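Here is what each chain is made of, one letter per residue.
Protein chains: 2
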Amino acid sequence: MAKKSFPLSKVYTLLEPGPVVLLTTAGDQHPNIMAMSWHTMLEFTPPLVGCVIGDRSLSFRLLTASNECVINIPTVEIAEKVVGCGNTSGAKIDKFTAFGLTPKPAKKVGAPLIAECYANLECRVVDTEMVARYGFFVLEVLKGWIDPAVQEPRTIHHRGCGSFMVAGETIRLKSKMQ
Amino acid sequence: MAKKSFPLSKVYTLLEPGPVVLLTTAGDQHPNIMAMSWHTMLEFTPPLVGCVIGDRSLSFRLLTASNECVINIPTVEIAEKVVGCGNTSGAKIDKFTAFGLTPKPAKKVGAPLIAECYANLECRVVDTEMVARYGFFVLEVLKGWIDPAVQEPRTIHHRGCGSFMVAGETIRLKSKMQ
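Chains as they are written, first to last, in the UniProt record's numbering: chain A, 1 to 178; chain B, 1 to 178.
Don't take every hint at face value.
You can't tell identical chains apart in this list, so a pair holds if it fits in one copy or across any two.
[Unchecked claim] The list that follows gives simulated cross-link-like pairs (lysine-lysine, DSS-like), each with its CA atoms no further than 30 angstroms apart:
no., residue 1, residue 2
1, Lys-104, Lys-176
2, Lys-108, Lys-174
3, Lys-174, Lys-107
4, Lys-174, Lys-92
5, Lys-174, Lys-104
For the record, the hints were derived by calculation from the structure and aren't laboratory data. As the structure is a prediction and not an experimental result, all values here were calculated from the model.
Work the whole structure out from these sequences, hints included.
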């Protein structure tokens, strides 16, 4: 399915529900993939995302070197691959090959998009002030992509120790919240 | 239902899935309640949570004054009350009274627990370095409470503009992730 541009002003609607995401970074030998749940929106426009990346991980080193990454949002259909990425280190294997995921070139950054994810957000690191203390990077989303066929994505949400909540029904309430 | 102590080392299992939470603060006239989706775990133990609070809100002023709050996690049964809290300002109304929510005394902080929420996390502000830039407070969870009758909480997850995803089924995968 060909992806379409996704408006930057609506990026928060993808991340605010709290899905597990796959962070991709460009690498020396091959690009890497990291499963990540510790992220939050920090600003609507330009969309800023804060996320925690452990300083002993390969992704930490690659992100620090390139200042670029892609946040890819998977759904339950590829949950096994997501867990595979979370259980392994890119220092030892090429995760794209190992888990049968497809890298696609991004438009604004060197890190690849994951084709099998329904949404992809190309990001640049814009603030490293809190990296030493918490491994907390501030990213600006430069470009968004979405699979227009996916209307109610069955995202997965980590409850810890291999337990994941799968996104259920959508309800609509008269909210004035953005 | 009487709540039980919840182990601090497991706090991340409650917040990592990304639910909308209700942040309570102690006030001059009455305590306040704010609906919040922009939060992330920053550390397992002691559990640290980062969250964004707009600097024009009453909660911002009360949290800055007291350095204490409670993160209360609601489920879909009280979704209308959550939206009510999100649509209104505590500068004009007492939200506990307006939405029929019940304040209960916390053990370690001055802010109240919301009885109708299945989990409550008593917090203290421990880092305000990023408040000026992003309204981003770092909280340490001092004490956790849980309703032991709620096994698979139907939390709500904001998709923006009055649309909420309700937590669906739980799946278990062979993950080595904490």
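These are the hints, each one checked on the structure:
Within a single copy, Lys-104 and Lys-176 get their C-alpha atoms only as close as 38 angstroms, which misses the 30 angstroms cut-off; across copies the closest is 28 angstroms, which meets it. In this homomeric assembly, Lys-108 and Lys-174 never come within 30 angstroms of each other (Cα to Cα): the closest approach is 37 angstroms inside a single copy and 35 angstroms across copies. Proximity of Lys-174 to Lys-107 under the C-alpha cut-off of 30 angstroms is found in neither arrangement, the shortest distances being 37 angstroms within a copy and 35 angstroms between copies. When the C-alpha separation of Lys-174 and Lys-92 is checked against a cutoff of 30 angstroms, the pair qualifies only between copies, where the shortest distance is 20 angstroms, while the shortest distance within a copy is 50 angstroms.
Proximity of Lys-174 to Lys-104 under the C-alpha cut-off of 30 angstroms is restricted to the inter-copy arrangement: shortest distance 28 angstroms between copies versus 39 angstroms within a copy.
Violated hints for the displayed structure, listed by number in ascending order: 2, 3.
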